[in-house]
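Given the structure of chain G, go ahead and fit chain V onto it with the hints provided.
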Amino acid sequence: MKEFWPSVLLTFPVTVYVGAVVLGSVPSSDPAFTGTFVVMLILAILSTLPFEPIHLGATAGLLGFSFAVLALLYLLPATGVEVLAGSLLAVPALLVSYAVRPGPLGWRLMAFAVALTEGLALLATDVAMTSAQATFAGGEFIREFGSLNVTQVEGLGGLLASSGGSLPLRDVFDPVYVVLAGIAVAGILIPVLRPQTAWDEPLPTAAAPPVTRERTTREVDLGAAFAAVLEERSSPEPASGVIPPGLPPLLVGSAAAGLVVAVAFLTPGLTLPLLVAGIVVALAATIALVRRPLAARR
Amino acid sequence: MRSYPLLAPRGWGALAGGFGTLLVGFYAVNLLLLVVGTTLTVFVLAELLRFSLTTQGFGPEGFVYTRYQNSAEVTVGDVGSMGVRLEYRGRWPFFAEIFDSHPDSLEILEGSARLVTWWSPGAEKRLVYAFRALRRGALQLGPTVVVAHDPFGFAFRVCTVENPWTVEAMLEVPLVKTGPSAFEQNRPIEGAVNLPIRGMGTEFRSLRDHQPSDDIRTVAWKRSTMGRLYVREFERETPQEVVLLVDTGRRMGAGELGSTALDRAIETAALVVRYALLRMDRVGLLLYSDGPALFVRAGRGSDLAAAIRRGLTEAAPGPGTFDAAGAFSFLAAELTGPTHLLVFAAPGVWRERDSEAYRQLTKPGHRVYFFFPDLPGMYAELGDDTSRRVAALVDGPENARLGHVVRAVEGLSAPVFVYNREGPTEAVAELPVRSRAFWRIP
Chain G
32 MKEFWPSVLL TFPVTVYVGA VVLGSVPSSD PAFTGTFVVM LILAILSTLP FEPIHLGATA
92 GLLGFSFAVL ALLYLLPATG VEVLAGSLLA VPALLVSYAV RPGPLGWRLM AFAVALTEGL
152 ALLATDVAMT SAQATFAGGE FIREFGSLNV TQVEGLGGLL ASSGGSLPLR DVFDPVYVVL
212 AGIAVAGILI PVLRPQTAWD EPLPTAAAPP VTRERTTREV DLGAAFAAVL EERSSPEPAS
272 GVIPPGLPPL LVGSAAAGLV VAVAFLTPGL TLPLLVAGIV VALAATIALV RRPLAARR
Chain V
65 MRSYPLLAPR GWGALAGGFG TLLVGFYAVN LLLLVVGTTL TVFVLAELLR FSLTTQGFGP
125 EGFVYTRYQN SAEVTVGDVG SMGVRLEYRG RWPFFAEIFD SHPDSLEILE GSARLVTWWS
185 PGAEKRLVYA FRALRRGALQ LGPTVVVAHD PFGFAFRVCT VENPWTVEAM LEVPLVKTGP
245 SAFEQNRPIE GAVNLPIRGM GTEFRSLRDH QPSDDIRTVA WKRSTMGRLY VREFERETPQ
305 EVVLLVDTGR RMGAGELGST ALDRAIETAA LVVRYALLRM DRVGLLLYSD GPALFVRAGR
365 GSDLAAAIRR GLTEAAPGPG TFDAAGAFSF LAAELTGPTH LLVFAAPGVW RERDSEAYRQ
425 LTKPGHRVYF FFPDLPGMYA ELGDDTSRRV AALVDGPENA RLGHVVRAVE GLSAPVFVYN
485 REGPTEAVAE LPVRSRAFWR IP
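Those protein sequences? They're chains G and V, same order as listed.
Heads up, the first sequence is in the working numbering, so the first residue is 32 and it goes up one at a time.
Heads up, the second sequence is in the working numbering, so the first residue is 65 and it goes up one at a time.
So here's chain V without its partners, still in its complex pose:
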């Protein structure tokens, strides 16, 4: 792509000043002012002409470029490195400003992604820098921008050297803000779990209504009455299956940069994944907004961990809104064994068909735990009373919406937790205590 010379504000100013001086000189018809105006105008025009001619053909084809010393994956907070090597193959030297574009979520620690230099034909320039990823996500570095400008800043040409590079900023272990987390306090968690599995396990857990699909051998005949049969449930001693359903709709983008509802949900989800894998549980992931964005079937092993990690790293709020019924129907078709389903979502409404899909999903024995972000609570407290009062007006409808959804889900007897900008980690960690239904604490 060919670049065009652009007049900088300085160039416009110099031209205007030159012509203005000439005009004033014409008014005075004085040689002194005419000479000053002529010198200035001709100087600026000659410089612009020289620059235009010597940088003709300035474009990415005039450069040979490679990246080296480049990190492909870093953990959030850790250091990566990047090197860009460019060789100029043009005919004329020029003042160059080289800039390797990068997102704000990447902090340059050492070196620089920008260089202002005199660039002779055949010379090689290198941008080398070490950076730290401040936030989770796929961070794009590049393209490298080369700005050729005349020595006085009157005009410049810009070309972009298309050499993009993606750095995956991964979450390793989410940070828990103060003190040992409830996860830590509750350790060690033993392998005993309490999802009822028909025909498996030995420890009696509870009775429940008989379903047509239940094995007749599990019926508790002594407790059953005419017209109402009960079946015995036993706790399974084998590893559990945990699936994380994360809403990637636009409402999850609420909150401050780097600590949105989605970011907080993902931090917690990453912690759950890590913990589940340590316990040898099977773990899966579904990213869903108005349709499935990514589904990792529950399993174990390093490949699965890497797939989930990548999915969580790259999850970003999309334009859609969360369709709970669609997500539940999708999972109802995909889940096999009884599963703990942790739902991190911000549904704007809860409809009857969502409830119906929930009932269908939980019929085989899956347990669902809801974590809803309090969207106004994802932002920092405002400083003064007036701002707080104005914010309360805006927050009112959103709080009413959340209240409606929470009541609807509680009506389904499902555990519901609401989290704010601190994130749902503590709520998840307290699950065993509050719901008596997740990992059991000794």
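Excised from the complex, chain G in its bound form:
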């Protein structure tokens, strides 16, 4: 609960920023596009609230009201596509709302990465439409978003076939988006990167002993030593003067990221091969690390 609000405050601005950039190009005479995005954003934020029984009724009411507004917007003549476009714009917010909720870490990180990618694609769509001076209607926006992704896939195929091609997502660089995305990464990882115990691994339980055995001592009364030990329980914190746990891998991870950035700036052509090689090594290391545990599991 303590890290809930920091997570929400750190992660949602990036999605709000993407929405604001795109909606800035949408004509003010088209409220369905904007309205849908706002409603969906509210829904996404509401869905992250840690539900308490006392607040459940109020939250359910808000959600019901939001859905009713969406249904009305959709039913209005000529606004169905606008509602779909607004929903598309709000998908990153919905994915981020999943990423900040408690759940399997892998899925949450994946949802967050997909949210950042789609945010990037939305920004690219906005840039493409603005440069082409296209009309910012819902249908046009969705069509452009789709064709941009098709172009990206074709470009990747061309890259693999060494025939070249356009990569519209690669060319987007918005410094504000980068900063906000970095902050959002922190919002996701801060609650994760703290000492955890292996609570989820079941510990063995005591088994019934055989019936006959010899005892060696008798009961000892609880003495002063007993109380003294209870008073000086061990601290769960590392002793002062030791390297903070987790710092070395954090440094290694940062160094690797720095290396990727450096290679990308110095010799951009080597970045992808380097990453592919790195992934192969990482996969091999992972297999080596998890091979024994799989064999050791009962």
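Source of the hints: derived by calculation from the structure; they are not laboratory data.
Each residue gets a CB set at the ideal place from its N, CA and C atoms; glycine is no exception.
The hints are all genuine.
Incomplete in silico selection of chain V near chain G, CB under 8 Å:
#, residue
1, Arg74
2, Trp76
3, Gly81
4, Gly84
5, Leu86
6, Ala92
7, Val93
8, Asn94
9, Leu95
10, Leu96
11, Val99
12, Val100
13, Val106
14, Ala110
15, Phe216
Positioned in the frame of chain G, the structure of chain V alone reads:
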């Protein structure tokens, strides 16, 4: 035993998330996403590698451990204590979770059997706790489990420090649920008893058919007729011999945890033992299922009381089923003087050979009292009608089985009592009144 690093679900998730982010980064071919994915993946892998290397050799040989302040025997409901001292002799510090495994029937009152702590080489950690035994039995504490985990919960290693300790949770005085028990109401019970002992005692009790082994001086000539001789029986004024036969077969395990048919039988048996010893009677115990598990010959004294107490404490339902004929034959060979035999058993069937063995056992004058658990009655009433109807379908065959056994034993003119989850204590206490054959009430 060497431990292996295990990936926790969190570790799997972090790895999957890192690789997934990298894949998404490849799709976008965008530096931002590639950097995020690279950082995450390398971070997780570096942490796993560090943990794997620094905890290499993690195992029980890296610890020095002792138990102290430990109770060996406690009475059910009373408090005992336990202390575990562990010193870590490894090279690298780690986050540790230490857990002294213990059964559920042991309630921790003070302190904790679990500790999460940062553990430096050479440091000593102690688990100290006070506990209360909730149920009878031999409770095993330990082994102590040490879990080393990385600071982020990605991976861990487990080793068990084999330092088991057994606490005997003994029954002192069984609890009688409400009000003074029939035992209490009937006190004081005088020493006069009524088992017929040939040639002993002065108080006439009854006549019975002559047996070939009877002393000719006990024949009641005036009452005897041609072809049928009677002998006089006298009550003995000396202390009696009581033997408890407790079935430890699997059927006695019926009932809820801590209040099974066997638990209830043992509570009553413990009460009988205590009472018999107070009266200076001789008391013995036979635990039997498909064979003898423990036999304590009837006697007196603190050693005998301790042996019976231990036997009752450690009695647990085994896999076998009660063999009444075998138990009676065993006792027929072991019992010497006339004995009151209290049988707490749940035989599934009663065969002719059981009856035959019973007749052989009672021929020398032993008296046998049967206490059969009503196995469906060992469970609490179900809440709703549907459940009750379903349970009735299941209980039907068991009730028929019990009815068959009870009728068969009653056909032998033996006193039979059926007990439910309340236990047979009251039935045993009423024995003098109902059977007029056990301890006589003034």
